[in-house]
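Chain B: place on chain A using the hints.
These protein sequence lines map, in sequence, to chains A and B.
First residue of the first sequence: 1, per the working numbering; consecutive thereafter.
First residue of the second sequence: 1, per the working numbering; consecutive thereafter.
You may find that some hints are simply not true.
[Unchecked claim] Simulated crosslink set (DMTMM-like; lysine to aspartate or glutamate; CA at most 20 Å straight-line):
id, chain 1, residue 1, chain 2, residue 2
1, A, K284, B, D110
2, A, K11, A, E44
3, A, K211, A, D184
4, A, K284, B, E53
5, B, K49, B, D28
6, A, K225, A, D249
Please keep in mind that the hints were generated in silico from the structure rather than gathered at the bench.
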Amino acid sequence: MCGIVGLLLKKPALRPALGELMLPMLIGMTERGPDSAGLAVYREPVAEGRCKYSLYVSNGRADWPAIGREAGKRFGSDATLDANANHAILTARADRDAIAAWLADAHRDIAVLSAGQAMDIYKDIGTPAAIAERYGFSRLSGTHVVGHTRMATESAVTPAHAHPFTFGEDFCLVHNGSLSNPNDVRRQLEHEGVRFVTDNDTEAACRYIGKRLAEGDDLAAAMTKGFDVLDGFYTLLIGTRDTLAIVRDPFACKPAIVAETDDYVAISSEYRGLAALPGVASAKLFEPRPRQLYRWQVQ
Amino acid sequence: MIFDLARQSVRDLNGFLHGDLQAKGLPDVQVLSPNGAHSVAVGVNAPVKIAIEGHVGYYAAGMNQHADIDIRGNAGPGVAEGMCSGSVHVRGFASVAAGAAAHGGLLVIDQDASLRCGISMKGIDIVVGGDVGDYSAFMAQAGRLVVCGNAGDALGDSLYEAVIYVRGAVASLGADAEEQPMTAQDHSVLRDLLGRAGFDYDPREFRRIGSARKLYHWNVDANQEY
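Only chain A is shown next, with the shape it has when bound in the complex (with noise of 0.2 Å):
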């Protein structure tokens, strides 16, 4: 059992709520997930040419400090660390693959959680309560945001197993489910190239339809092919840099519940995760059928 959490903002003006109004949809979903929690949240794009990386010290300890020198003389003055307990925002005009080679030559403990333009990621273990004190997530602002909370039925309790998973650019993915075939997407993967972290079911969702998107597939056209893919149970909910989407598995077998007002759509496993925003009570609700794309785009 896991739960989802998704909300996106339409009006500009909540937009430095973010954080504070998803806070109780985190919370909320304790029950489903109380062993580890995480989200992705989208922001204002960086500058052109500039990207946003999100970092992890498995550890627990790291001079944040200096690692954002090292990264200063090693990727421009312009490149900035943002600290945040074990997590760090490194932003710099550097590819992947330079950052990558970079921490594996000097910060073996440092992994890289997401790369883009626009996306965070924060995801730990313990209770959602804790990891959204220990990172400040009532304080987040931005677009949209796409959170998870585990409770972890396939593979272990760790950081790296948290959600959201993420793929290429600004694309992040949670799961309540579990899938049946997950090695065999993995294996078809590694297959085409594609490297992965985690032995957890959820990666080969995110990779495969990441990829699908990184070849030109729009969302529809993954997950189509998805749907003939991927077996067993999901509600996947899928963040790109301006879209946030929810997809059922053919059975239904996972719940969700969307809430939608003028003000913003609102997703969650059940509705105990939406109970506490404002203006609920007079919100569309309703349930997304199986098999079926939802998407909301941020204006």
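This is chain B only, laid out in the frame that chain A set:
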């Protein structure tokens, strides 16, 4: 008697409902701020009226006996599962497996019901004002499922002796489900159910789906093809 789930727990509510309600004079119970809580008013075994003012989560009103439970909102998965008698009325929509495996009583859903509505129903009557999702009345053994809207795929798959009445379109029938002629008795049953559920449809607008009873016996010549 009022329970406000913003301040009291579901356990407080259900503990009260499982007590000796006869001795308390069978009080009407009102439940405020359910906010999607699970297992609201499950296992009630007394002829009381319970009004739930909002949306409920999983398994609301499950295993009900005798009570009339009015959910003034939407219901999560498994509403009224295992009900034996009494009634449950969902004013909004219901998630998957509404009325699952229920032996009796009346479940009314004003709007749509999701997939597997009435799965393995064993005597309950279910009236859905809107549509039902795929695999509804799967392996349904007894009782009536009335669908005022449309039905999804595999309606009545592996049906036993439950009967389905559908007013709208059926995406597809499941294995061994077939359309059967409506009799005067069907019209009478349907008129009664629609009346008790508060819907004003003409029974003549409905079609009857029942079991072709071809799966009742092993057919060696079928070669596993059904």
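Structure-based check of each hint:
About 16 Å separates the Cα atoms of A:K284 and B:D110, which keeps this hinted pair within 20 Å; it holds. Taking the CA atoms of A:K11 and A:E44, the gap is near 14 Å; set against the 20 Å cutoff, the hint holds. For the proposed pair A:K211 and A:D184, the alpha carbon gap of about 15 Å is at most 20 Å, so the pair holds. Distance restraint check for A:K284 and B:E53: the Cα-Cα separation of roughly 17 Å lies within the 20 Å cut-off, and the hinted pair is therefore satisfied.
Distance restraint check for B:K49 and B:D28: the Cα-Cα separation of roughly 5 Å lies within the 20 Å cut-off, and the hinted pair is therefore satisfied. For the hint pairing A:K225 with A:D249, the CA-to-CA distance comes to about 13 Å; that is within 20 Å, so the pair holds.
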